[in-house]
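Those protein sequences? They're chains A and B, same order as listed. Position one of the first sequence corresponds to residue 1 (my numbering), numbered consecutively onward. Position one of the second sequence corresponds to residue 1001 (my numbering), numbered consecutively onward.
Please note: incorrect hints may appear among the correct ones.
To be verified - Heads up, incomplete: computed chain B residues facing chain A, CB under 8 Å, no partners named:
no. : residue
1   : E1056
2   : K1083
3   : G1104
Please keep in mind that the hints were generated in silico from the structure rather than gathered at the bench. Positions of the beta carbon are idealized from the N, C-alpha and C atoms, including for glycine.
Here is how the chains run, residue by residue.
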Amino acid sequence: AQSVTQLGSHVSVSEGALVLLRCNYSSSVPPYLFWYVQYPNQGLQLLLKYTSAATLVKGINGFEAEFKKSETSFHLTKPSAHMSDAAEYFCAVSKTGGYQKVTFGTGTKLQVIP
Amino acid sequence: EPEVTQTPSHQVTQMGQEVILRCVPISNHLYFYWYRQILGQKVEFLVSFYNNEISEKSEIFDDQFSVERPDGSNFTLKIRSTKLEDSAMYFCASSDRENDFGPGTRLTVT
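If we strip away everything but chain B, and leave its shape as in the complex, we get (with noise of 0.2 Å):
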């Protein structure tokens, strides 16, 4: 069965560095979001894609993120300048009709 898939798995990087998160959506579907989880917190919608153009997006998602599809098969998710409190599972989602999770990507921000 088609799944959802992030890379890296673990990523550490120090505060005010770039980060790229990767997914590879499930080949036919249209719609990408990105979620974060915050330790111990519940999961949090941070935007939604389609089109190649963000069709929502939160109020955490602010001038420091943006989303890309470079190609016909990744959608990524970059932070600019981390901050400490970015330290969370990102999980990437790709939907047809409901959303499919990829297996998250833990960013420890130091």
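With the rest of the complex left out, here is chain A (with noise of 0.2 Å):
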């Protein structure tokens, strides 16, 4: 089986400061990882995803993760926060080779700081 644990339900963090999102994985094979966040009632966007390529992942809105498999990690970061990062922020790992259904994480909230 496989699942996702992220460290934090609520993540508070001034605008302008580094946001740090964790999230621990178990997985008995290779896993796939994914963030996906998800404003106020709203659907699951993609975030970034890490496919067994490179070990550092960036995605959109200028977040990036790095697949740490001594660690068993993909903490989620951001150099920045923006107030439009405020959100909900979802950690998430499948089987590899694609068309695989995702476990997600518990969640974390970001709030940003003005």
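Each of the two chains sits in its own frame; use the hints to bring them together as a complex.
Right, here's the structure in full:
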């Protein structure tokens, strides 16, 4: 079975500060890993994905994540937070090869303080 | 860019009623999924569908749920007799390689 654990259900950062959202995965097989963002009352938007190519993955809106097998982690970062980044972020895992269901973490709500 | 669409965006129904949630997947995708997100909770997998049959389902997907691809474009989720605890956001997804999610249907059971 696969799972992800997101540390911190709520994270607050000041505008312009570093954003770090933590995700650790558990998988008996090499995983694909994803970060999704959900704005209030909206659907899920894919931020970035790791599909066993480069371990440092760049996504939309200036976000990036690094796959660290030794730490079973896939933390999401952004150098400078904007007010528009306030949303809920979900880490997710699937088996490799495509065409797989996605298993989500519990989510982290990001608050950006002006 | 092609998108997954879902209708309606919001559905209110009374307990015990049947509801059908509709999805139009991206046209060249072959795998389809339904997920559910109860308010304030994480997104949960319900069912995957390929080649006109269920390929995998979760323990949530019990006998009150069914899925169908009635024609070449639509993918539906039917809940036969809704319960209060079925109130949730339901997301459809289709997959070429990774899941592309629709905007969701908010189901409210009263």
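TODO: Using Cβ atoms only, decide whether B:E1056 comes closer than 8 Å to chain A, and label the hint accordingly.
DONE: Since chain A brings a Cβ to about 6 Å from B:E1056, closer than 8 Å, the hint holds.
Open item on the list: Hint B:K1083 vs chain A: min CB-CB distance below 8 Å?
Closed with: This hint is violated: B:K1083 lies away from chain A, its Cβ roughly 23 Å from the closest one there, beyond 8 Å.
Open item on the list: Tell me if the interface restraint on B:G1104 is satisfied: Cβ within less than 8 Å of some Cβ in chain A.
Closed with: holds (5 Å)
Checked against the numbered hints given earlier, this structure breaks only hint 2.
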